[in-house]
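Engineer: What follows is each chain in one-letter form.
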Amino acid sequence: MTEMTNGSARVAVSGKPGNSFEQIMSNVPNAMARWWSLEEELRFNGLVDSDIKEEVRRAMAPEAGCKFCASLAPAKDSYPTARESLAVAYSLMLARDPKDLDDSVFDVLREEFSDPEIVELTMWALFMYASQAFGAALRVPAADDEEKVAYAQSRRAELP
Amino acid sequence: MTVVADMRGQAEIVKFWAPWCGSCRLFAPVVSSVVDGSAGEMRLREVNLAEDTEEADARGVGTLPTLVVLKDGKELGRLIGAMSRTALTDQLSELLGGADPSIDTATAKD
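Here the protein sequences come in this chain order: A and B. Just so we're aligned: the first sequence equals residues 1 to 160 in this note's numbering. Just so we're aligned: the second sequence equals residues 1 to 110 in this note's numbering.
Derived from the structure by calculation, the hints contain no laboratory data. Treat the hints with care, since some could be wrong.
[Stated by the list, open to error] A short list of chain B residues far from chain A (calculated; beta carbon distances all over 12 Å):
1. E12
2. V30
3. G60
4. A82
5. G97
[Stated by the list, open to error] Using C-beta positions, here's what the derived DEER-type ranges look like:
6. A:L47 x B:G97: 29 to 39 Å
7. B:D57 x A:A33: 25 to 35 Å
8. A:F44 x B:G77: 45 to 55 Å
9. A:N30 x B:E55: 51 to 61 Å
10. A:S114 x B:E75: 33 to 43 Å
11. A:D102 x B:D57: 42 to 52 Å
12. B:T89 x A:V28: 13 to 23 Å
13. B:G77 x A:A130: 40 to 50 Å
14. A:A130 x B:A58: 40 to 50 Å
15. A:D49 x B:T89: 19 to 29 Å
16. A:S78 x B:R43: 35 to 45 Å
17. A:D145 x B:E75: 47 to 57 Å
None of the values given here were measured: they were computed from a predicted structure. Backbone N, C-alpha and C define an ideal beta-carbon position, used for all residues, glycine too.
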């Protein structure tokens, strides 16, 4: 194990291969493996396009305060489709206060998304929020250029 | 028909919103879609309360998002909160369908 220095993460990193986030998470290797497996399942094997999910992730990262997550890629200023725009808006509302969602939110969503898509989007957004809250709490540092490239490549490679 | 349409003028939809308002963000593509689909009968004007609170104060707008519907300078009504495209279309049709701008114009001339 290697202690991170001042200003970096709050816990020891494993020294195993991987980016800063993975090195911290790999303190609990079995859970980490399942965590990433669930991320892959939700990101790539669902009904909602994985590009939309990536936009959700990007928009939520600053909200959750995860420097690592936010540094991987910036959120867009605007979105070209109603689906993308609504997915991001809904996810940010979930992150801010899930108790505050009234029925009108779902009336709006149902005009663009089926019920299974809404469920999937909710799962993705809350899973991302959990990941990002993890990064914020344990203060995973911003990604370096190499980590950013590796992230982008891994997502492109796995796009359908 | 063209003359009547010209006399009517466009309805102006004033959207009051703020960047911190989640339902405003959710509602934004809905409003744009309805206005864009109105074949020029409506135009959208946005008031971002992070930049300008004067008009919101003047109009007594206290909840976001709020749409104030104006025609020929008169407020026909306001719609508060996010809603679906179907609900927005119906409510705008009701507001705009209830107006008889030709009477307003005649009254103004008198």
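Engineer: Can you give the numbers of the hints that this structure goes against, from lowest to highest?
Structural biologist: 2, 4, 7, 11, 12, 16
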